[in-house]
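Colleague: Spelled out, the chains give:
Protein chains: 2
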Amino acid sequence: MKQHFFHAYPAIDRALNEVNQIINSRITINNSSLNNALQQMASNGGKYLRPAFFLLFADINNKQSEERNQLIKIAASLEILHMATLIHDDIIDDSPKRRGAVSIQSAFGKDTAVYSGDFLFTIFFSLLVETMRTTPYLARNAQTMRKILTGELGQMANRFDLNQSLLDYYRNVNGKTAALFSLAAEEGAYFGQTSRRTTALAKRIGQNIGISFQILDDILDYSGDKHLNKPVLEDLATGVYSLPLLLTLQNHRDELQPLLDKRRQMTIADMEKVQRLVIQYGGVQEAQQIAEKFTKKAHEEIQALPNSKSKRLLAKLAQKLLTRVN
Amino acid sequence: MKQHFFHAYPAIDRALNEVNQIINSRITINNSSLNNALQQMASNGGKYLRPAFFLLFADINNKQSEERNQLIKIAASLEILHMATLIHDDIIDDSPKRRGAVSIQSAFGKDTAVYSGDFLFTIFFSLLVETMRTTPYLARNAQTMRKILTGELGQMANRFDLNQSLLDYYRNVNGKTAALFSLAAEEGAYFGQTSRRTTALAKRIGQNIGISFQILDDILDYSGDKHLNKPVLEDLATGVYSLPLLLTLQNHRDELQPLLDKRRQMTIADMEKVQRLVIQYGGVQEAQQIAEKFTKKAHEEIQALPNSKSKRLLAKLAQKLLTRVN
Numbered sequence: 001m002k003q004h005f006f007h008a009y010p011a012i013d014r015a016l017n018e019v020n021q022i023i024n025s026r027i028t029i030n031n032s033s034l035n036n037a038l039q040q041m042a043s044n045g046g047k048y049l050r051p052a053f054f055l056l057f058a059d060i061n062n063k064q065s066e067e068r069n070q071l072i073k074i075a076a077s078l079e080i081l082h083m084a085t086l087i088h089d090d091i092i093d094d095s096p097k098r099r100g101a102v103s104i105q106s107a108f109g110k111d112t113a114v115y116s117g118d119f120l121f122t123i124f125f126s127l128l129v130e131t132m133r134t135t136p137y138l139a140r141n142a143q144t145m146r147k148i149l150t151g152e153l154g155q156m157a158n159r160f161d162l163n164q165s166l167l168d169y170y171r172n173v174n175g176k177t178a179a180l181f182s183l184a185a186e187e188g189a190y191f192g193q194t195s196r197r198t199t200a201l202a203k204r205i206g207q208n209i210g211i212s213f214q215i216l217d218d219i220l221d222y223s224g225d226k227h228l229n230k231p232v233l234e235d236l237a238t239g240v241y242s243l244p245l246l247l248t249l250q251n252h253r254d255e256l257q258p259l260l261d262k263r264r265q266m267t268i269a270d271m272e273k274v275q276r277l278v279i280q281y282g283g284v285q286e287a288q289q290i291a292e293k294f295t296k297k298a299h300e301e302i303q304a305l306p307n308s309k310s311k312r313l314l315a316k317l318a319q320k321l322l323t324r325v326n
Numbered sequence: 001m002k003q004h005f006f007h008a009y010p011a012i013d014r015a016l017n018e019v020n021q022i023i024n025s026r027i028t029i030n031n032s033s034l035n036n037a038l039q040q041m042a043s044n045g046g047k048y049l050r051p052a053f054f055l056l057f058a059d060i061n062n063k064q065s066e067e068r069n070q071l072i073k074i075a076a077s078l079e080i081l082h083m084a085t086l087i088h089d090d091i092i093d094d095s096p097k098r099r100g101a102v103s104i105q106s107a108f109g110k111d112t113a114v115y116s117g118d119f120l121f122t123i124f125f126s127l128l129v130e131t132m133r134t135t136p137y138l139a140r141n142a143q144t145m146r147k148i149l150t151g152e153l154g155q156m157a158n159r160f161d162l163n164q165s166l167l168d169y170y171r172n173v174n175g176k177t178a179a180l181f182s183l184a185a186e187e188g189a190y191f192g193q194t195s196r197r198t199t200a201l202a203k204r205i206g207q208n209i210g211i212s213f214q215i216l217d218d219i220l221d222y223s224g225d226k227h228l229n230k231p232v233l234e235d236l237a238t239g240v241y242s243l244p245l246l247l248t249l250q251n252h253r254d255e256l257q258p259l260l261d262k263r264r265q266m267t268i269a270d271m272e273k274v275q276r277l278v279i280q281y282g283g284v285q286e287a288q289q290i291a292e293k294f295t296k297k298a299h300e301e302i303q304a305l306p307n308s309k310s311k312r313l314l315a316k317l318a319q320k321l322l323t324r325v326n
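Heads up: the sequence lines are chains P and L, in that order.
So that you can map any letter, position 83 of the first sequence is 83 in the working numbering, and since no number is skipped, the others follow by simple counting.
So that you can map any letter, position 258 of the second sequence is 258 in the working numbering, and since no number is skipped, the others follow by simple counting.
No wet-lab data here; the hints were simulated from the structure.
Only a predicted model underlies this, so the values are computations on that prediction, with no experimental measurement involved.
Careful: at least some of the hints might be erroneous.
Stated by the list, open to error - The calculated lysine-lysine pairs, modelled on DSS-like cross-linking and capped at a C-alpha distance of 30 Å, are:
#, chain 1, residue 1, chain 2, residue 2
1, P, K97, P, K147
2, L, K110, P, K47
3, L, K311, P, K110
4, L, K147, L, K316
As the list claims (entries may be wrong) - Counterexamples of contact, computed for chain L against chain P with all Cβ distances above 10 Å:
#, residue
5, N69
6, L86
7, R197
8, R263
9, D270
All C-beta atoms, glycine included, are put in the ideal place defined by N, C-alpha and C.
Could you put the whole structure together from the sequences, leaning on the hints where they help?
Modeller: The following block contains the structure:
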């Protein structure tokens, strides 16, 4: 696991290794090459951000939990759900790469990718049944999965739509990305037996970090240092108009529309021209400022958490995450 | 809903209409055309066999349940899970048609089909959480979903494989089809508060009916009256070698192999030649005999159920289902 976020924090690092082991032990399909590919995906390049947030919030009370095994399993469930949606996203995007390696759909075809994602949903489902059957979080997980899918479907419905509003964008981002960060934080606080107030705070922190995280991801699609793991301008090529472009469209539609109207016929030169215009007219910069507002809000909320080592790590992690360049 | 199986049984017919209503009320996506397509799929042409089996087994005690609403929801969960897998299957098969109408993937593209299936998984999941959180059936459902996916992945891994065994075939059929029939019957008996013995019996009945049902489906791919809803020889075209072909391969491999080795380059004439050979050498007939064994077993087991109206309907339904011609 690439743990460039966590190598300085041995306790988290150790816990995430356990999460990784649980995931690998659950991915057992009677097809060894697919098995290996899924295990590689689970082990390779994933930052395990959602499990990390969960575990940090679970530790906010500084309590040594007797139910450590349960916590590790729940952390694993979050990453498994995330992986399932990544595999299905790669089908939609035709992505050749994922986490620096060949994507499941690229290695095994779309067909296997469809069922592999579904298979991971079943593992997710089983982990929840084992760990939280008697809590309200089974329903919250179902709800979150629904929000993610609603966000993905919403984003898809808006593809190539020049008239979508910023509200549409925020709603889709809230679903496809922030919902899972929010759940990770909230259920971390819940299973870490914090107060109701802290649990509600955790939920909001996760949401704000999630939105900021996604906006930053969308900015990186234009600002360009993303080539290590994913091709630049991938969103644009698939008709997903994200915040930097939507902001630029507000005042410079006339210049952009002739390019965007080409849709799937846009050339690389066309896309690079869109990229230049978005940067030149300040779309990237403005999106950056919006992301910073969400980050700032998250930081203020983190400050309101009970004092603990986890709180300090969360603040650092949020800062590191939201100023990343790839 | 095409209820050619149930129009003679008003009580089932009525209950299935309620199931249909629950499904439609749950399919609410902020995308009206997709919404309509899913509702149409739920309402149009589906035989609702799994909900029907569930409800018949739930009624085997002749008890009037106080929890009728719960039973209708569980029945709906079975059809929703089935629909999700159908939508994903159609991506794999590139099926233009489903239930006599245009398939989701054909109307909206593969991308939407991927997320629509996922979206239905979340509805499935929510229905379970609402109805059976305190029972062992939440875990059984997770397990069943896993079996279905393992069967689908197994079938896919065996595509174009001339050396797969009959055991591979049965294992995949048991997963992709029989597991859900078996669950429908078993959880019907459980939530209908029958004895442990009856619940165990129901599980076996569902499994035997499911296997027989799938073999018959595979036979219809060769014997040809299937064109109303699905193209004939679709399995063959996608490299899925089902029982009639596998049986024929055992003694006539030399004649079949040159045709099958063409894989995706097989012409329609090639496929029709394979079809003729499979029929001529008795593969269809032998598969028919095997299906009849499973049907016979199911009938014997149905006879061992407590006497009730449902028992008599189940016997009729099994007979009707397993002698269908499309």
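Colleague: For every hint, state whether the structure bears it out.
Modeller: Now the hints, each set against the structure:
1. K97(P) with K147(P): holds, 25 Å
2. K110(L) with K47(P): Given pair K110(L), K47(P) holds - Cα atoms ~29 Å apart, limit 30 Å.
3. K311(L) with K110(P): Violated, at roughly 43 Å.
4. K147(L) with K316(L): holds, 28 Å
5. N69: About 17 Å separates N69(L) from the closest Cβ of chain P, which puts it past 10 Å; holds.
6. L86: Holds, since 12 Å exceeds 10 Å.
7. R197: holds, 26 Å
8. R263: With a cut-off of 10 Å, R263(L) remains clear of chain P, as the shortest Cβ separation is near 14 Å.
9. D270: Fine: 22 Å to the nearest Cβ keeps D270(L) off the interface.
When the structure is compared with the earlier hints, a violation turns up for hint 3 alone.
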